[in-house]
Amino acid sequence: MATVKRTATVGGYFLELGNKEIEIYHIAEDGSGVLTRIEDVQGAIRRIAEENGFERDYNISFRQHVAKLIQYINAKENNKQL
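Our numbering numbers the first residue of the sequence shown as 1 and each following residue consecutively.
Derived by calculation from the structure, the hints in this document are not laboratory data. A hint or two may mislead.
Within a straight-line C-alpha distance of at most 25 Å, the following computed PhoX-like cross-link-like pairs (lysine-lysine) qualify [what the hints assert, rightly or not]:
hint, residue 1, residue 2
1, K20, K68
2, K68, K5
3, K80, K5
4, K80, K68
5, K20, K5
Quantities reported herein were computed from a predicted structural model and do not represent experimental measurements.
Given these sequences and hints, build the entire structure.
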């Protein structure tokens, strides 16, 4: 079975939602592309959601929240490109 991952890049962060875990990396600002893993996933997701005006729905799981956040960010980026 293939591994399905959802990803988004926003505000200097790279978000990745895999089958088993959520990973967030800080993208180096010097243009080198170096990624540094962030250990406080929930705190980082909270900051990213607030910066993008995305409200937390407490009726869904945290994983579902992250998946919807990634979809929301990618939709915003796609609309900017049109």
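Straight-line alpha-carbon gap K20 to K68, limit 25 Å: holds (16 Å)
When you check the alpha-carbon spacing of K80 and K68, does it fall within 25 Å? holds (18 Å)
Straight-line Cα separation of K80 and K5 no greater than 25 Å? Status holds; Cα separation ~23 Å.
Straight-line alpha-carbon gap K20 to K5, limit 25 Å: holds (10 Å)
Restraint status (C-alpha distance of K68 to K5 at most 25 Å): Distance ~13 Å between K68 and K5 Cα, so the pair holds.
Every hint from the earlier list agrees with this structure, and none is contradicted.
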